[in-house]
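What follows is the residue order along each chain.
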Amino acid sequence: KAGVTQTPRYLIKTRGQQVTLSCSPISGHRSVSWYQQTPGQGLQFLFEYFSETQRNKGNFPGRFSGRQFSNSRSEMNVSTLELGDSALYLCASSPGQGSYNEQFFGPGTRLTVL
Amino acid sequence: QQQVKQSPQSLIVQKGGISIINCAYENTAFDYFPWYQQFPGKGPALLIAIRPDVSEKKEGRFTISFNKSAKQFSLHIMDSQPGDSATYFCAASIAGANSKLTFGKGITLSVRP
Chain A
394 KAGVTQTPRY LIKTRGQQVT LSCSPISGHR SVSWYQQTPG QGLQFLFEYF SETQRNKGNF
454 PGRFSGRQFS NSRSEMNVST LELGDSALYL CASSPGQGSY NEQFFGPGTR LTVL
Chain B
9 QQQVKQSPQS LIVQKGGISI INCAYENTAF DYFPWYQQFP GKGPALLIAI RPDVSEKKEG
69 RFTISFNKSA KQFSLHIMDS QPGDSATYFC AASIAGANSK LTFGKGITLS VRP
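Quick note, the sequences are listed as chains A and B, same order. If you read the first sequence in the numbering used here, its first letter stands for residue 394, the second for the next number, and so on. If you read the second sequence in the numbering used here, its first letter stands for residue 9, the second for the next number, and so on.
Hints were generated in silico from the structure; no laboratory data involved. Model, not experiment: these values are computed from the prediction. One should not assume that every hint holds.
In silico DSS-like pairs for lysine-lysine, Cα to Cα no more than 27 Å straight-line [unchecked claim]:
#1 K65/B to K50/B
#2 K79/B to K108/B
#3 K108/B to K65/B
#4 K113/B to K450/A
#5 K76/B to K65/B
#6 K50/B to K450/A
#7 K23/B to K450/A
#8 K450/A to K406/A
#9 K108/B to K13/B
#10 K23/B to K79/B
#11 K76/B to K66/B
#12 K13/B to K113/B
#13 K79/B to K13/B
#14 K113/B to K50/B
#15 K13/B to K450/A
#16 K66/B to K108/B
#17 K13/B to K406/A
#18 K108/B to K450/A
Please take these sequences and the hints and turn them into a complete structure.
Structure representation (C-alpha cells):
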C-alpha cells in the first residue's frame, strides 16, 4: 500500500496570507489527524477527522481549520498567517476504529511564513 | 503542563552499545504508548508500541519497558548502529479517545561508528 502523501512539500507565504495543505491517507484508512511540529514546542495535535467529521481538536486558534472529504482525503487551512505559524505540518492516518489506532505519518509540509 | 516528558535531551552512544531513552507521563488515563523514530526531512515512523497490561515488549533490537506504578516507560535499542541515529519521540494516548497522540519533546540519538 502507498503511504500517506502530503502536498505541497514546501510552501513559502507572507504574513496575512492564507494557506491550504492537503493530505491523502493510506487506502482504507478513515481517520486523518494533523500535527504541527516546531523546534520549540515539538509535535502538537491540531485536529482529527473521521468520516468527514471533526472528532477531536487541539488547543490552536480558530485560524486553523480543516475538513475531510468522502474519500478520506483531508485539507487543513491556516488563515491570516503569522510568523509563528512557520512549522512542519504533519498528517497521520489510521484505520480510525478500535481502541488502539496505529497512526502512520506522511513526510509533512514545510511552511515558512515571511 | 507537559504531560509526557522525555529524558535525556540528547544521547551519544558507541556502535554496538545500548541506547536507553526514558519517558514519564502524568495522565493516568493514558493506556497506549508508542515510540516514533524520525529522520531529517521525514515524518515520524512508528517503531514499537505497548499497552499497560504488559511490562515489556520486544521487537528485534527494540524493547519497551513499562512501569505503570511509576508512570514511566523506556525504549532500549540493543546493538545500536549508526543507522539508528535519529530523533526519537515517545507518545501516549487514551484508547477509544480518537487518535490524539500526546508527544514528548523528542531526543536526538547519535550512534558513533
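Going through the hints against the structure:
About 26 Å separates the Cα atoms of K65/B and K50/B, which keeps this hinted pair within 27 Å; it holds. Taking the CA atoms of K79/B and K108/B, the gap is near 19 Å; set against the 27 Å cutoff, the hint holds. Only pairs whose Cα atoms come within 27 Å are accepted, and K108/B paired with K65/B is accepted, the gap being roughly 22 Å. Of the supplied pair hints, the one linking K113/B and K450/A holds, its CA atoms being roughly 20 Å apart against a limit of 27 Å.
Distance restraint check for K76/B and K65/B: the Cα-Cα separation of roughly 14 Å lies within the 27 Å cut-off, and the hinted pair is therefore satisfied. Under the criterion of a C-alpha separation no larger than 27 Å, the hint pairing K50/B with K450/A is consistent with the structure, at around 24 Å. For the proposed pair K23/B and K450/A, the alpha carbon gap of about 42 Å is over 27 Å, so the pair is violated. This hinted pair checks out: K450/A and K406/A have alpha carbons roughly 25 Å apart, not beyond 27 Å.
The suggested pairing of K108/B with K13/B holds, with an alpha-carbon distance near 17 Å, which does not exceed 27 Å. For the hint linking K23/B to K79/B, the alpha-carbon distance of about 30 Å lies beyond 27 Å, and the restraint is violated. The straight-line distance between the Cα atoms of K76/B and K66/B is roughly 17 Å, inside the 27 Å bound, and the hint therefore holds. Under the criterion of a C-alpha separation no larger than 27 Å, the hint pairing K13/B with K113/B is consistent with the structure, at around 7 Å.
Distance restraint check for K79/B and K13/B: the Cα-Cα separation of roughly 11 Å lies within the 27 Å cut-off, and the hinted pair is therefore satisfied. Between K113/B and K50/B the CA atoms are separated by roughly 17 Å; this keeps the pair inside 27 Å, and the hint holds. Distance restraint check for K13/B and K450/A: the Cα-Cα separation of roughly 22 Å lies within the 27 Å cut-off, and the hinted pair is therefore satisfied. For the proposed pair K66/B and K108/B, the alpha carbon gap of about 24 Å is at most 27 Å, so the pair holds.
At most 27 Å may separate the alpha-carbon atoms for a hinted pair to count; K13/B and K406/A exceed this at roughly 33 Å. Pair hint K108/B plus K450/A holds up; C-alpha atoms about 9 Å apart against a cutoff of 27 Å.
Checked against the numbered hints above, the structure breaks hints 7, 10 and 17 and satisfies the rest.
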